[in-house]
Amino acid sequence: MMRHILVAVIVVLFGLIFARMVGGYVELDALRPLALDYVTRAPVELGTPNIITGILITYRGFDTLGEVAVLFMVAASVGLLLKKDDAKPASAKVSSPKVSGEKTAAAKPVLAKTEAARAAAARSAAAKANASARAATAGSVAVKSTKEAAPAEDDEAAPREASEIVRTGTEILLPLIFTFGAYVIVNGHLSAGGGFQGGAVVASGVMLMLLARPGSTLNVALLSIIESFAGVFYVGLGILGLVLAGGFLDPRFLPKGEFGAFISAGAIPLISALLGIKVGAELSVIIDRFRS
Amino acid sequence: MVDALFHPLNIFLFGLGGGFVIPLLYRLGKPWLHAGFFIALIGIVAVSGVSFAGLLQGGPTIEVLTGVGLPPLSINLRFGLWEGFFTFGVNLVALLGALHLWDRLKGNYGALLLYLILVMGIDGMVMTRDLFNLFVFLEIVSIATYGLLGLDRNAAAMSAAFKYIMATVIASTLFLLGTVLLYYVTGTLNIDALIEHRAQIAGPIGTTALLMVLACLVIELKPFPANGWGLDVYEAAPSGIASMVSVGVSAGVFFALMKLLPLFQDQLGIIAVSGGISFLFSNLIGCKQTKVQRLLGYSSISQMGLMMLALALLTQIGATASIPLVVGGLFVNHLLAKAGLFWLAGVLKQDDVDARTSLSGRPLLLGLLALFMVAIAGLPPFPGFWAKWELVMQLTSAGKLPWIAVILTGSLLEAAYMFNWFVRAMRPSDARAEARPDLVALLPIYGIALLLVIAGYIAARLSGAASLWIFAPLAVGVVLYALDWLPGRLKAVLMLLAVALVGFWLVENATGIAWLFAVLLLGGSLVIAAASLYREDSRPGYFPMLAVLLLSIPALLRSSTSLEFFFSWEIVTLASCFLIAKGRGAGPHVLTFLLFSLLSAFFLLAGFAGIASVSGTTSLTALLTAGPDATTALVLLGIGFLIKAGTIGVHVWLPGAYTEADDDFTAMLSAVVSKVAIFGLLTGTYLAIRSEAALELAHGMAWVGMLTTIAGAVLALRQTDFKRLLAFSSMSQLGYIVTAIALMSHLGWVTALYLVANHMMVKGILFLAIAGIILRTGTRSFGETGGLARAMPVTFILFVVAIISMSGLPPLMGFGGKWLLLSAMTDKGWNFLAAAGLFATFLGFLYMIRLVAGLFFGKRMAGQANVRELPIALLVPQALLVVGILVLSLYPKLLMDPVSAAIDPQFASTLVWQGMSLYTIYGYWNPTPVMFIAVAVAAALGVIAWAVYRSGLRGGGNLARFYAYYRRGIEQAMPPVATLFWQGVTDFTLATAATFRQVYTGNGQTYAMYVLFYFLALYLASTGPAGFWIAG
Amino acid sequence: MTTGLPVSTILLTTGFLLALIGIWGMLTHRNILRIIIGFAVMDTGLHLVMVATGYITLGTAPIIDGALSKADAASRAIDPIPSALVVTAIVIGLSVTAVMLAYAIRLYAAKKTLSIDAFTESKW
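Protein chains in written order, with the UniProt record's numbering: chain A, 1 to 292; chain B, 1 to 1032; chain C, 1 to 124.
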């Protein structure tokens, strides 16, 4: 209860701060100089109708590169975290028996503590009045655990097939999704969309596929190679910009082309495509890692 | 071409390119993977290093442009001196850190790429000049950290990582929102433009946005109390990762704060308070901690707090010129020392301070541990020392005295828990010596220790104190340490030679009283140090450290500025601390010694700072000229020196340290090292002569000295351990000297110097004799000795000469000293003091009789029939000192003349020498009656005491029983008030720490609440209650 | 428009409300998955706020096409920067969520519970 009061205090105080900000907010009625610069210069300098893509890929391309790095790292982190434990000895082999000794020593008290902690949690849970929310939590935990346990066993024997409807739906939708994703990716410089958005669409397609065919495997190795190459090429394009044009990540080393044409706006579509491939591959890899 | 190769932009090409390529290299095979990783990492280090070197040689600040167009439009980065310093430092440590973590990183491509991009991300945080780009780099760093925290997969590490994520996600969300809102308010994201248009950031949205950005940075620096999540990670993560979080990530965040500081001009006070609270409380709570990595976590957090505090305050008082030395020094100190400590803890696999993984069998590792701790505690010669000095100087001159109290208290607490670990690590353990950690694991630690030393030298250069002579003691120590494999006696000879040569070179430039002290102490220390030849064992590390100690004393005496003085003072403290630690049972006493020494040093620091702010110079001559407004500073200095002299109330460090140190080193401590404090007192009180107000203080000090004498004598009487008895006797005798100095007259000061010479020689003889007796009999207890006069006649004679001189009986030197003292006191009209002095003399007689009788008279103990005379190596130094006593007793003029000459500039001369007699301006003083009275009073008191004893006992009794009878009385009459008091202080501190650490419940959700509350508190502190009202 | 409240103010308020709901959820629920959802809700709310601050009265998406000529762009386009930033912010938010979920799986594997109260190994 005490906690709820404290949380309520936090929320109310933040609410007041937010309210004060809303009170001080005035909708802008004209672009500020810098924004105006972007809006007027992007189409001319870069030849891209989609100003936001122009900003993302060129003016603030450094951010985008960082963002790609973030996604890339997430794929690696999730991989690191969810790696099966049996892969452990291979990497820990070299670190001598001392480590494993330490491990077992550490494991024991942890187990004991777990029991205690669970008992304590159970006690406190029972004591609390608002049991309904808690029950829901516990229920979801239980459901999740059985869910996790079931496919784990099934995976070994025979993966349960998805229903007819899902399969058929997938077969119809999947090509559409992938096509749409590709469209969004390559048209990023012309209309709403871009590498990130398209990549996400592609990855959602992959997710659908994995849901529909739980037994199917994703070629993660290939995807991560693609991902790496896309990243390397991205950096390479950046360097080309540095060498051939005005600066790092300057896409103007390719001709601007005709405004609004599919092949135009220098290297922006190229970068956009690489981004799309990279994001699609990365997200797919992440999804796949969560599956295992 | 070279320029293009080492352009700072390449840091990102190496980082990202390398990162993206790593999975490909992994497919090619592990050698490719590892080579690729190191090429990229070394590339990053090289780029930052070369660019930084270019800037150091006066190259222009490098602007890194990206994308199309110029800065406000596109993102730019900057590589100036500051950026170069931070990035190069972090990168170098990261490279060494990769070696340390190699066991974990090896073959694990995910971890390798995360590590690489983490390093790049930190560089990005440092270099970027775009607020949103800063956010992106912050996230890169965060996510890399999240991933790397997954290297250890036990439950504790996992849950710690999750708490860390919860807290940092909240923080970075604040940053994100703040950034976008700042864009809404100002229309730009460029940091330079934001700073330029600082005035536009106003109104509810602007203020809140700014505070959100600030709060994120402050929270990322883990402020107390919203920092439990950080501590958990420090505790549970692998040491290499924890060190990267502690030094790398924090460095990036701190630099971001520094970069944005012009935006936070109105919040400087808040930043300083936040830093101060973190510094103080982390160090307080750290005292209660025993888990090594968590301990280091507390220390990390406190260091960041200190840096925040320093940065904000120096900016506030406009002392921006000091920021490079202070903040840079603190940063590099923390960077190197903390990383070293984390790695050391990792290599030792020690997770608890109390764990019995002893270092006692590994002197080199112990040395490294000591090195890092000395650095963390802000002691010389490391950068933290110079930084703290400068910080205190600047804050004092700006009148920020409470802040100085915060800084010094926090530092003391930090030293307490760090050295507590050290002392425990030093304990001999029963466990069999484990396999030594392999060289590869230690390599990064050596590397970082070396960097630390270099950094210390550079910081000294910046402080303007890097002269050859001031580092000479340390240099000699290093050379001797390199020869530490030689046999023990050879090392002793080499040490003596080195001390003699370098020592006299150092003495040459000293002047006045300092010169006198230098000659006296150097001579004395050479003679006493020669006694170390009596032991044939190798004593690893002893001789180099002794050389450092003995040479630092003349270095201290020739100092011309308070900084040089303080530097040498701290080195003397440290060297004696480590030498005491060599004693077998010294463990807990080392810590006490060190803490009181540091307490003393901090008083000195505050005092010197006070004088510097009054006089505007750090030259020691300011002590002579400062006016009465320096009285506070004088008092601080006085307290500092009195603590170090072991006066009553703060004497608790003295007996343990003296008793448990190696026997021959105790002689050095008592005879020579203690005089350093006396010298400080003499020079420090120059001031008092100038100001009338200080005369009352001087009277007080005289009483402190006299009470010390009496208490020391009484305590000595209580002992059954004769080494301990001598330790208290030393305290008692120093009390006389303090009293003499407090007289603030020509006569008093001559007396003080005379007593100094006497005490040095006497205590040298006595402690060396004791060392020999312990060697021969193997005991320190009166109960197991007796009748040694026959077995060691030479020792007996030398001993008696020394005792006579100490007691003040004619005709030896001590007689002159005591006579001078009594005359000076009556001359000044301090008659009560004189009477107390007589009483003290009587008590002195009592314990001295006991000492001589207990050791040399009576029956020989069983089993000691074969006890021989002391080894020649111990007898010769004693004999030399006796010769010294005799010479000075017969020709006091030899000493008095130069003493008088040295003091004359400060006082009107009151002494005239004619032949062998001493005249004062008040006329001829006849020594004999005064002394007769003294002896008669003492004898009368003795007879009374004997009578009381006889009447109480009814029956015969020997001398030993006589003492035992009074010992009981004394014990009942004088409870150990001081010991109890300091024990109480310790208990109180620990209890407070235990109370405050209750905030760390371990629950991640609670920590998330703390973080949000922290923002609210920060917000409230900045805007006031009006900030929570819509129209406010 | 007819309410008198500018559209972006409505968006702003909605975003902030969503953020508050997120904070409430993240601090009151014990289940780690729900806490993560709380974070995600808060994030989404703030993304709304960010987009809202870039709105220019009567503006339109800054894409030059049939609806917005190059010449009109200066007067009718909304500020493109917040939109660009939000793309980055969303990606980063997603990344963080993914990492948190991965940790949730590990935590569950370690103790077979998802209650945040069970993970208090290190304290003091």
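Think of the hints as simulated: they come from the structure by calculation, not from any bench. Among the clues, some could well be false.
What the hints assert, rightly or not - In silico lysine-lysine, DSS-like type, Cα no more than 27 Å apart, as pairs: (1) 349/B with 83/A; (2) 112/C with 123/C; (3) 30/B with 83/A; (4) 70/C with 256/A; (5) 349/B with 400/B; (6) 859/B with 84/A; (7) 84/A with 106/B; (8) 70/C with 349/B; (9) 70/C with 84/A.
Stated by the list, open to error - Selected chain A positions facing chain C (in silico; Cβ < 8 Å): (10) 14; (11) 30; (12) 39; (13) 264.
Glycine included, C-beta positions come from ideal geometry on N, C-alpha and C.
Note to self: For a C-alpha distance cap of 27 Å, please report whether residue 112/C and residue 123/C respect it.
What the structure shows: 21 Å, holds
Checklist line | residue 349/B paired with residue 400/B [C-alpha distance capped at 27 Å] | finding: 43 Å, violated
Notebook entry, point to check: Do the numbers back the hint for residue 39/A, that is, is its least Cβ distance to chain C under 8 Å?
Noted result: Residue 39/A check passes; min Cβ-Cβ to chain C is 5 Å, inside 8 Å.
Next item on the list: Compare the distance between the alpha carbons of residue 70/C and residue 84/A with 27 Å, and conclude whether the hinted pair is satisfied.
Entry: Outside the cut-off at roughly 55 Å; violated.
Margin query: Check whether the Cα positions of residue 70/C and residue 349/B lie no farther apart than 27 Å.
Written below: 66 Å, violated
Item checked: Distance restraint between residue 859/B and residue 84/A, which requires alpha-carbon spacing of 27 Å or less -> 79 Å, violated
Check: residue 349/B and residue 83/A: Cα distance at most 27 Å?
Finding: 25 Å, holds
Next item on the list: Sort out whether residue 106/B lies within 27 Å of residue 84/A, counting only the CA atoms.
Entry: 18 Å, holds
Checklist line | Restraint status (C-alpha distance of residue 70/C to residue 256/A at most 27 Å) | finding: 16 Å, holds
Checklist line | Hint check: 8 Å Cβ-Cβ cutoff, residue 30/A to chain C | finding: 7 Å, holds
Margin query: Check whether the Cα positions of residue 30/B and residue 83/A lie no farther apart than 27 Å.
Written below: 19 Å, holds
Next item on the list: Have a go at the residue 264/A hint: is there a Cβ in chain C nearer than 8 Å to its own Cβ?
Entry: Given a least distance of 12 Å, the restraint on residue 264/A is violated.
In summary, the numbered hints that this structure violates are 5, 6, 8, 9 and 13.
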